[in-house]
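S.K.: Each chain is listed here by its residues.
There are 2 protein chains.
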Amino acid sequence: MKFFSTLSSCVACGLLASQVAAQTFQRLGACPKLGCIFPPDQADFLPGQWFDIRLEVHAPQNGSERVSYAQPDGNFTFTIGRDGQRAVPATQFFNLTEPRLETWNFTWYEDLFARAARTPSLVRVAGKAYRKVALYEPGNYVATLTYQNGSSTVANWTVRDIPTQRRAKNTIIFIGDGMTTNMITAARLMAHQMINGKYQTTMAMDQMPVLGHQMTHSLDSFITDSANSASALYTGHKSTVNALSVYRDSSPSNFDDPKVETIAELFREIYGGGVGIVSTAFIADATPAALTAHTSQRGRYGEVVDSFLRGITNYTWVNWTGPDVLFGGGAEQFYPNSRSFQGRDYYQEFRNAGYNVVLNNTSLQTASNSSKTLGIFSVSNMAKWLDRNIYKNNLNISRTAPNGGNGSATDQPGLKEMTLKALQILRARNPQNGFFLMSEAASVDKMMHVLDYDRALTELLELDDTIKATINYLRSVGELNNTQIIITADHGHGFDVMGSVDTRYLAQQTGDRNKRNAIGIYEESGLSQYVVPNASMPIGSDQNVVYSQGVNFPTNFDPRYTFYQGVAAFPDHREDYTVNKRGPRVPALNITGFSSTDYYVNYIDAVTGFVINGSLPVAADQGVHSLTDVPVFSQGPCQADFGGVYNSIDVFYKMAGCLGLSRRTPPRP
Amino acid sequence: MKFFSTLSSCVACGLLASQVAAQTFQRLGACPKLGCIFPPDQADFLPGQWFDIRLEVHAPQNGSERVSYAQPDGNFTFTIGRDGQRAVPATQFFNLTEPRLETWNFTWYEDLFARAARTPSLVRVAGKAYRKVALYEPGNYVATLTYQNGSSTVANWTVRDIPTQRRAKNTIIFIGDGMTTNMITAARLMAHQMINGKYQTTMAMDQMPVLGHQMTHSLDSFITDSANSASALYTGHKSTVNALSVYRDSSPSNFDDPKVETIAELFREIYGGGVGIVSTAFIADATPAALTAHTSQRGRYGEVVDSFLRGITNYTWVNWTGPDVLFGGGAEQFYPNSRSFQGRDYYQEFRNAGYNVVLNNTSLQTASNSSKTLGIFSVSNMAKWLDRNIYKNNLNISRTAPNGGNGSATDQPGLKEMTLKALQILRARNPQNGFFLMSEAASVDKMMHVLDYDRALTELLELDDTIKATINYLRSVGELNNTQIIITADHGHGFDVMGSVDTRYLAQQTGDRNKRNAIGIYEESGLSQYVVPNASMPIGSDQNVVYSQGVNFPTNFDPRYTFYQGVAAFPDHREDYTVNKRGPRVPALNITGFSSTDYYVNYIDAVTGFVINGSLPVAADQGVHSLTDVPVFSQGPCQADFGGVYNSIDVFYKMAGCLGLSRRTPPRP
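Taken in order, these protein sequences are the chains called E and B.
Each residue of the first sequence is one higher than the one before, starting from 1 at the first, in full-length UniProt numbering.
Each residue of the second sequence is one higher than the one before, starting from 1 at the first, in full-length UniProt numbering.
Accuracy of the hints is not assured; some may be wrong.
When chains are identical, the list treats them as one kind, so a pair holds in a single copy or across two.
[To be verified] Okay, derived cross-link-like pairs now, DMTMM-like style, lysine to aspartate or glutamate, Cα gap no bigger than 25 Å in a straight line:
| no. | residue 1 | residue 2 |
| --- | --- | --- |
| 1 | K198 | D41 |
| 2 | K198 | D83 |
| 3 | K132 | D598 |
Source of the hints: derived by calculation from the structure; they are not laboratory data.
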């Protein structure tokens, strides 16, 4: 400390006190001191947005932060005041009774050495929670937790001055999970014709009038997962890996963490508008889940599905009666079995609540537009575009049928079919109040994880095709100018294309070093061969795909010259740079049979290829998320708001502002 | 062919005829048929922009395209017509005399098998060139080459309807060579404080009001180099790897390829405005070179330097008398030696032309603002920010002094110092006519190539600092609102950050697989430690750097927890994820001593690290460029033009439009 107090030009002095022991492992995210406030310092709020407050006082019993006393101070106090006004106790500020004191313990590892030695640090905690409060007046607030004889933790909160005027009737947010600018560039090259450096057609995304970048980092780590990042997009609050629309506290329960209201909840509560949730993932997965679930553990899939239908029931919260549309995979949380909530039949639970339930694309297309509709089309994640359209035999996997039987889910809709049907239902059911739709291309991410670049990029192309179809549909029904469209991602993977591969030459070389010489860089990358038909092969083969006119997908999935592509973090794997015709890749395996945390090259994943040893921890069997800012494309009444570079949480405030979701006064009880 | 002619829904049929044998190796880029026109089909032009036309007729003598005759048709004809008007011979259209017929041969390899077997294909060529022509009226033109008894090649050209009104007095284009959105994200995290997910400061780039993406692919390959991509940005014409502001023809000479006029040439010719060229590379490198050089081979460095001073002298072209400012490295093309053009002393050549010549930062800072100024500050590329500012001993490299002696170039300016001085000179010399300045952070690319992420990211931060200083300077002298600022890149590298590394843990493990377990992903990425001072280390050490207030560079270059970062294409190398204190990395070496095209891990590059075997051809000792679209940030009178997604050549048309560089009528002779 002494070093820095004399320096006027010191950078980062303010942080020093709280980060003396710079650590990647943290006792509790967003709580460097022994008193914790959630929402923490620097939190932003939409005026009138419901949230919970969690306070914790920590007494570390061992490790680098060890204190001399055995129990944390339970007599802490908590005040709130607007900038420049006198702070008052939170109970008085919010007109609440004092919540009860809770106590618990938790342990954590200070670093990898401690984890390897299995020497955790024990922390004893005293805490309280204030439930369902809101701040209505824009401005700065100071929340102060005072504990342990005068120690204090201060949280500076900002209620943003967001106009209350509604500018869009409808909002659609498309999320390409894990989608980066690099992937969009590669997908464009894979599917769009270029003549002498000029594209003859471009992506729907390329044609959006306004471009932005958003920063995806989490509250307490710079790499996010999809739970945390979806929560930021939907609530305006960054949180912690695995957390769905809550701040993660240290208590043992996954269901008592402090909640923040989501845009779906706000939109329903304020306007009674329609809500649609569409994903190609299992529907309890993080990106759809964060719209209605509030838990620190995204893996509580059964509870997530219950929250789609009933919202939050363990605490007073907004009155949630289910979305108009819920389409995706994940039947295992619906048919009665050990993975559905309390073993119940959620198809029946949804039917009991008035839902029409459809389990295949044929039924989806003929379903009424007037009912609330649940569409669950497969066990687990839905089939990929490449398998639904080109390598169709891969759909014949037993026990994927959404009814929970032994059958295969062969009649699955794609993202476009689901999204267009969702739009029809949302419009029919909400002609005046408008709708909010989240449509997720989930498997851009899932296929990047397993290094299946071809499948990832075609999922991205399906998203683009869905956007094109959505714009055409909205235009045809006269809703385009009423609808704010946003296309973004929740995080990236470190992917790029660096050249081409002569796969024939590669296959014929012996030895890994020789095989690498099949790669062409710079001028030898040549032109994309995915758009060139192969005159010697029959129409309809994977070397000569035929679509209807104007649809931009690759013409040839199995050209001799493929993309030399890859990610910057990977497990041990082999690469032959050809499309995997037998279904999604499995790059690494536990071949020793001894440990599920020690993965090696899966030889049969790319028999003719060569080995690239991993850089990831050996417990990783797949790639991981990355840091990069992700693009935001927008079109609609508020499109200009979405240009430039901003934080992921800003997407929420821009969307909420466009929909006029600020509340400057408390709602009538 | 037959398959497709019956299909009404066929995608890409139009290309089929010209790409029957889909090939990554090409006989000649942009010429799939046996008759070639440059500029080729799909070329765009600024009204009044000078260009050359090259025609070629090919007679392949062997290989897959073999023809039955021994010589190409020398009696080809060439016509041009505006859309809907009668085509006339080019000589009549441009009022030129018929150029002489030229003939030559060249060989190429059809694929890797042919290259391995050393069986080239021979092509005999007949050609002509039309020099220094222009199209003044916006619209579509059809150029037709007819040869060999009625075969024809058609080029559809578009002269864009660019307004002639000048909207900006000055234009500054900053080029972060190889800079991607991913790198900007990483640099921000390395240098800017974040509290609970909210940055307390951001990059200058983050604050630019308008964001776009540009596509960097080349004319005839989807991966570009910096020559080709710089040419696209400066001329509105994509070309071929290694080509500087020409289309590459097949003739043996590097100096007869068809030229296109650059924005620097246009700006000087039309307004007599000031031109500044600043780079941290050796100044003959591609990005600065493409502003005045016209050659198919960027490696002709001596000639490039001559072209800075005299422009093009081997053909009639624009009258070029040198830029107002030329600052960078590359003394080896200036002091008299075998690498300077004709062995001449180019310091003296520039002095003879009225230039003030400065060779270090001290002289630069005190130089007059009224003279044309040449500043050459080192042999080869200039020193990196990290070495100039933190690891200063690395400047002590003999024979780097710009005078060609044995000394070290220890008094080098950075990009900021060069750019600010350039602005002062440009303003002083061009108070009425304004200026065009290109300022390049060249070593973002150069350090990414050698996997030296720390140096690459600090070069990027220096660029950002330069942008901030430029905006402040322009504001202080009242020129900010007159100046269009563009910040972009010429291509990317497939870089990203995926987590953190406990470098202490890594160093203490034995065995590569154990070392990989030092990597933390997702929640274990934690927070950036580059911004956290180390209380146990002295101020001024590389763990506690102190700058003046408001300057955003890392506080600690050697934290225990570093970024887990990497690229998606790499040679064999080792990673220890720590800053390289001895200067730029050397990831791979020719350790066998037998071949300069067989590179292996350089052990001493990262002694405590682990091996990652390469995926690149074994002849590659460093990483390569990638496909990704790159960002364009803009601010100024025409900023709105630069939003959305577009081709790299569009940057030229947007800049030229903003400066009003269209000529609708021929200039007076």
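S.K.: Does each hint fit the structure? Answer for all of them.
M.R.: The hints, checked one at a time:
Taking identical chains as interchangeable, the C-alpha atoms of K198 and D41 lie at most 25 Å apart only when they sit on different chains, with a minimum of 10 Å there against 49 Å within one chain. Only between protomers do K198 and D83 lie at most 25 Å apart by alpha-carbon distance; the minimum there is 20 Å, versus 56 Å within a single protomer. Within a single copy, K132 and D598 get their C-alpha atoms no closer than 45 Å, and across copies no closer than 65 Å, so neither meets the 25 Å cut-off.
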